[in-house]
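Enquirer: Make the full structure from the sequences, and use the hints.
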Amino acid sequence: MNDNLAKMREAAKRALESGDVGYVIGWGATKFPDKTSPLFMRKPEDAERLVWNEYAIPGIAKYLLDDLYPDKPIGVFVRGCDSRAINRMMKDNRIKRENLRLLGIPCDGKDDERCTICRNRNPLVYDELLWDEAPTPEPKDRYFRANAVEAMSADGRYAYWSEVFDQCIRCYACRNICPACNCKECYVDMTATGFQGKQHSRSDNLIFGVTRAFHVGDRCIECGECERVCPMGLPIMGQTQKILKDINELVGDYESGVDAESENYLGVFDLDDKDEFM
Amino acid sequence: MSKIGVFVCHCGTNIANTVDVERAVASARELPGVAFASEYKYMCSEPGQQMIKDAIEEYGLDRVVIASCSPRMHETTFRKMLKDTKVNPYMLEIANIREQCSWVHTDKAKATEKAIRLIRMSVAKAARDEPLFASSIPIEKRALVIGGGIAGIQAALDIADAGHEVALLEREPSIGGKMAMLDKTFPTLDCSACISTPKMVDAGAHPNIKLLTSCEVVKTEGYIGNFQVTIRRNARYVNHDICTGCGLCETKCPVKTDSEFNHGLSKRPAIYKLFPQAVPSKPVIDKNSCLKLTKGKCGVCEKVCPLGCIDYADEDREFTETFGAIVFATGYELIDWTALYGEYGGGRYPDMLTGLQFERLVNASGPTEGHIVRPSDGKEPKTVAIVKCVGSRDPKKGKSYCSRACCMYAAKHAHQILDKLPGTRVFIFYIDVRTPGKGYEEFYDQTRKDGAIYVRGRISKIYKDGDKLVCNGEDTLLGKQVKVMADMVVLETAMTPSSGIEELATMFGVARDVNDWIQEAHPKLRPVETQVGGVFLAGTCQGPRDIPDTVAHASAAAAKVVSLLNKSEMETSPMISVVRREHCCGCGACEKICPYTAITLEEIDDRVGAKRVKRPIASVNSGLCQGCGACTAACRTGAIDLLGFRNAQILEEVDALCL
Amino acid sequence: MSVKETNDPKIIAFCCNWCTYTGADLAGLNRSHYPENVHIVRVPCSGRVNPQFILRAFRNGCDGVMVCGCHPGDCHYSTGNYFTRRRFTLMKRLLEYNGIDPGRFHARWISGSEAGKFRDTAEEVTAMVRKLGPNTRYREYARREMSADE
Numbered sequence: 026m027n028d029n030l031a032k033m034r035e036a037a038k039r040a041l042e043s044g045d046v047g048y049v050i051g052w053g054a055t056k057f058p059d060k061t062s063p064l065f066m067r068k069p070e071d072a073e074r075l076v077w078n079e080y081a082i083p084g085i086a087k088y089l090l091d092d093l094y095p096d097k098p099i100g101v102f103v104r105g106c107d108s109r110a111i112n113r114m115m116k117d118n119r120i121k122r123e124n125l126r127l128l129g130i131p132c133d134g135k136d137d138e139r140c141t142i143c144r145n146r147n148p149l150v151y152d153e154l155l156w157d158e159a160p161t162p163e164p165k166d167r168y169f170r171a172n173a174v175e176a177m178s179a180d181g182r183y184a185y186w187s188e189v190f191d192q193c194i195r196c197y198a199c200r201n202i203c204p205a206c207n208c209k210e211c212y213v214d215m216t217a218t219g220f221q222g223k224q225h226s227r228s229d230n231l232i233f234g235v236t237r238a239f240h241v242g243d244r245c246i247e248c249g250e251c252e253r254v255c256p257m258g259l260p261i262m263g264q265t266q267k268i269l270k271d272i273n274e275l276v277g278d279y280e281s282g283v284d285a286e287s288e289n290y291l292g293v294f295d296l297d298d299k300d301e302f303m
Numbered sequence: 004m005s006k007i008g009v010f011v012c013h014c015g016t017n018i019a020n021t022v023d024v025e026r027a028v029a030s031a032r033e034l035p036g037v038a039f040a041s042e043y044k045y046m047c048s049e050p051g052q053q054m055i056k057d058a059i060e061e062y063g064l065d066r067v068v069i070a071s072c073s074p075r076m077h078e079t080t081f082r083k084m085l086k087d088t089k090v091n092p093y094m095l096e097i098a099n100i101r102e103q104c105s106w107v108h109t110d111k112a113k114a115t116e117k118a119i120r121l122i123r124m125s126v127a128k129a130a131r132d133e134p135l136f137a138s139s140i141p142i143e144k145r146a147l148v149i150g151g152g153i154a155g156i157q158a159a160l161d162i163a164d165a166g167h168e169v170a171l172l173e174r175e176p177s178i179g180g181k182m183a184m185l186d187k188t189f190p191t192l193d194c195s196a197c198i199s200t201p202k203m204v205d206a207g208a209h210p211n212i213k214l215l216t217s218c219e220v221v222k223t224e225g226y227i228g229n230f231q232v233t234i235r236r237n238a239r240y241v242n243h244d245i246c247t248g249c250g251l252c253e254t255k256c257p258v259k260t261d262s263e264f265n266h267g268l269s270k271r272p273a274i275y276k277l278f279p280q281a282v283p284s285k286p287v288i289d290k291n292s293c294l295k296l297t298k299g300k301c302g303v304c305e306k307v308c309p310l311g312c313i314d315y316a317d318e319d320r321e322f323t324e325t326f327g328a329i330v331f332a333t334g335y336e337l338i339d340w341t342a343l344y345g346e347y348g349g350g351r352y353p354d355m356l357t358g359l360q361f362e363r364l365v366n367a368s369g370p371t372e373g374h375i376v377r378p379s380d381g382k383e384p385k386t387v388a389i390v391k392c393v394g395s396r397d398p399k400k401g402k403s404y405c406s407r408a409c410c411m412y413a414a415k416h417a418h419q420i421l422d423k424l425p426g427t428r429v430f431i432f433y434i435d436v437r438t439p440g441k442g443y444e445e446f447y448d449q450t451r452k453d454g455a456i457y458v459r460g461r462i463s464k465i466y467k468d469g470d471k472l473v474c475n476g477e478d479t480l481l482g483k484q485v486k487v488m489a490d491m492v493v494l495e496t497a498m499t500p501s502s503g504i505e506e507l508a509t510m511f512g513v514a515r516d517v518n519d520w521i522q523e524a525h526p527k528l529r530p531v532e533t534q535v536g537g538v539f540l541a542g543t544c545q546g547p548r549d550i551p552d553t554v555a556h557a558s559a560a561a562a563k564v565v566s567l568l569n570k571s572e573m574e575t576s577p578m579i580s581v582v583r584r585e586h587c588c589g590c591g592a593c594e595k596i597c598p599y600t601a602i603t604l605e606e607i608d609d610r611v612g613a614k615r616v617k618r619p620i621a622s623v624n625s626g627l628c629q630g631c632g633a634c635t636a637a638c639r640t641g642a643i644d645l646l647g648f649r650n651a652q653i654l655e656e657v658d659a660l661c662l
Numbered sequence: 019m020s021v022k023e024t025n026d027p028k029i030i031a032f033c034c035n036w037c038t039y040t041g042a043d044l045a046g047l048n049r050s051h052y053p054e055n056v057h058i059v060r061v062p063c064s065g066r067v068n069p070q071f072i073l074r075a076f077r078n079g080c081d082g083v084m085v086c087g088c089h090p091g092d093c094h095y096s097t098g099n100y101f102t103r104r105r106f107t108l109m110k111r112l113l114e115y116n117g118i119d120p121g122r123f124h125a126r127w128i129s130g131s132e133a134g135k136f137r138d139t140a141e142e143v144t145a146m147v148r149k150l151g152p153n154t155r156y157r158e159y160a161r162r163e164m165s166a167d168e
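Going down the list, the protein sequences come from chains A, B and C. Per our numbering, residue 26 is the first one in the first sequence, and the count goes up by one each step. Per our numbering, residue 4 is the first one in the second sequence, and the count goes up by one each step. Per our numbering, residue 19 is the first one in the third sequence, and the count goes up by one each step.
Note that these hints are calculated values from the structure, not bench results. Backbone N, C-alpha and C fix where the C-beta goes; we use that ideal spot for every residue, glycine too. A few of these clues could be false.
To be verified - Simulated restraints on C-beta separations:
1. Gln192(A) / Glu605(B): 37 to 47 Å
2. Thr161(A) / Glu574(B): 55 to 65 Å
3. Gly302(B) / Lys121(A): 49 to 59 Å
4. Ala173(A) / Pro398(B): 47 to 57 Å
5. Gln53(B) / Asp297(A): 33 to 43 Å
6. Lys97(A) / Asp314(B): 50 to 60 Å
7. Asp339(B) / Asp297(A): 25 to 35 Å
8. Ser502(B) / Tyr197(A): 31 to 41 Å
Expert: Next up, the structure:
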């Protein structure tokens, strides 16, 4: 770990010293020993504040959306999940590859439930790789939440989601962190269209839950950041996992963000798609 | 607040018998935004329409809801009516209370309730109607016909005769296509060249027709009325502006290479005309076989040309022209049977000919001046086997479809052999004999009377034994194996779409069917149109057919083109997609889904803080958009919306039903 | 908002203009009777139907929702319904996963000539929804009224 941290600090320092990048995004310490926060390093000496430990969990790629037109490329440390987030946003035309300087850091897995379903610890897109890749361990059940909910009865499922979304405070933190939620304006903020009721009621919360899932749906990169940032600790990956599970069942192996070219499931069709309608 | 007028129609008793019209009117009066509501026996009638116009005037109505029959029936009628009023024709909603209410329900109370709900929905939607204006796009009064076969020539002549300019594009150095290769045409046996070459000359000399030979389409942009087509003229190495077509160069050229026109049955020089009657009647140099162009030595043609037309430095040249309409007349090719039918020798035996090779062989201007002789040794055949459906009706090896013309030209080939070489034995192997056409069955009958022997069954194997071609097969009517020791075999092979059709269709956004034939807009009712506005079909690019059908098809396409080009401008439906720029993030989801390539991502200038930036947003081409709205459902933000069926309008309808 | 009339199911059908809407018109022409509960919203193409419309319908009090379009391969706009098929296959499964009874949401392909199929579908869906009773799920009304379903 220390070796790797040294390499990361060195890489960040080098990049900032060369003047090739405007700043580098990584992880920094917080006053809580078991939490890290995103760190924006602007000067070479900032690299000393970089942290890389088992708590360097947060996804940092989404911050790229806050600076879409940088004067200089932005340096970002990318693990597998960050690289998929970047592919996602590139596919959605939101960020440009030439604005990025990607420092690849194969991840060793963190102590987090969401990391147990990780399918790509190694970055899938990068400019340089700071250390050797290691194989990703066999992921646990990719659809662990969805499978649990599917096992319930219809009434049980409704009761389950009602209980979940009754607690939702509609802070939209899940949206803000999600790399697939990268629209310029979010539908929930567009009252004129009237797609989303603004009341804090069960129905509007449930509808928000379903709609968020459907909007992310085929583009979800399965990073689980939505759950990490949820202040109410709601298991909302259960919704997106269901959609991915169905897509995988319908058309075979489907994974979003593994590259920046593959078409989204809902953006194309096949004449022989399964027809469940009569 | 909007001022909506609601007009409920009795439709005689069609509606009034099941729906309490007075109640419906009374309840409409209570709806928000409704300034006036009334009823009439026949809204669509002259007095009915007048009543609406008067009410618009008297009550200052700004939008109208008509509860009547299906909008599919009278929407256009009422829109037309509104043109004479202050109300925009698109500020109209129709509540379908006849087909979808009074005619399908019997309980008057319940039907009335439903009619009230339907009216409520329409009123809610109407409240969100906005004035829309049909825009008109100017039409470039020129047509581009792609393909210079008989279909293209016919279409071009018809369009040109109607007074419009036509560019007739052909990738070969001469127009004429497949028909120019044929000897005689069934069932009348008139000489193909005698009837097609005058048409070629007409096309070449027509003041409204510009020939673009040796040309290919490279790129296309735009839409109906305004296609910008980029065309590449392949280098000819001969200056056609001064060439008189004297032909001296052809006689002196030392190169001998296979003649495409004669399907390899004869040789031609490197500087050549496709065939003697070529239009334009001027040679080109084949850069792949010319010694000067491949090896740098020779230059004989340049030396002998009395006018100095030869230009070895000639290059491919691209140019862009605008056309109002496009006609696909790209024709067909014969399937490459050699790759598919190894059991027939796979092309190893020179005395096995395709139908088109036989046409050249039997043609008076062909390689043997019309003498039917074996290419291998020049002897007249005593026994000829004609095999039909090679590649057609054979889903395992070739195509599943019937190529339509083969039955008849097989009969014609048999007739010609029996005519020119009396006493020859001609066997025709067939699956079925299909002769739907004027005089076709009679011709087939005559051929049998002439002595052609029809054997029902496919040939399973053809191999060489001495100088004979042994054809093994089965006579399925007798249930017996048959073996024909033939001197010559003619394979009547399947028609397939011309090479390059995929690229061309993709360029224009035209659909192809499973066999790559161009898909017509409707198989019954729109057989010469494609689903892309302004792109029409002529001849075999749409599917196999014979000459009379091709010519009829081409003339039909020309009629469609003429009726389009006769207009100086075309009105487009204003019910198309619109993008709210400030909300669009340029993700391109809509672009992918649009079936008409009407949406493109466009870079716009924007500001982020103090920074001027360029960012992509979706942009709708109003000439291409057909108003399907598929893009709107793909847009998560709702930044793209469909005029006339806006998200907000549909939601209003939903809400009004739920009220 | 009148909650009282919910005994009689309210069914909304988003029908494409070219096939199903025409098929429904033909049902009228044939005088094929079906329940008054089915209300058609005309859309140009089934591909125009945003899943949000369905959620909105349930929220505001529809007991059943139908999305109908041309048969695959017959779309007036050539490809619209292929996207509809993908989109609503996922949506239908997601709704069921969220506890909405599959009887409440139907996607059907009904051509312009299938008046009989339209009538049968209308009858079948109405019967199904009637059996299920008023929809309370995703329904927006005061919280206390929801207790019945909990």
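Enquirer: Evaluate each hint against the coordinates.
Expert: Each hint, compared with the structure:
1. Evaluation of the 37 to 47 Å hint for glutamine 192(A) and glutamate 605(B) yields a pass: the beta carbon distance comes to about 43 Å.
2. For the pair threonine 161(A) and glutamate 574(B), the beta carbons lie near 59 Å from each other, so the given range of 55 to 65 Å is met.
3. A hinted range of 49 to 59 Å holds for the C-beta pair glycine 302(B) and lysine 121(A), which are about 54 Å apart.
4. Hint check: alanine 173(A) to proline 398(B), Cβ distance near 48 Å, so the stated range 47 to 57 Å holds.
5. With their beta carbons about 55 Å apart, glutamine 53(B) and aspartate 297(A) fall outside the hinted range of 33 to 43 Å.
6. As the Cβ distance of lysine 97(A) to aspartate 314(B) is approximately 53 Å, the hint placing it in 50 to 60 Å holds.
7. Evaluation of the 25 to 35 Å hint for aspartate 339(B) and aspartate 297(A) yields a pass: the beta carbon distance comes to about 28 Å.
8. Taking 31 to 41 Å as the suggested C-beta distance range, the pair serine 502(B) and tyrosine 197(A) does not conform, at roughly 55 Å.
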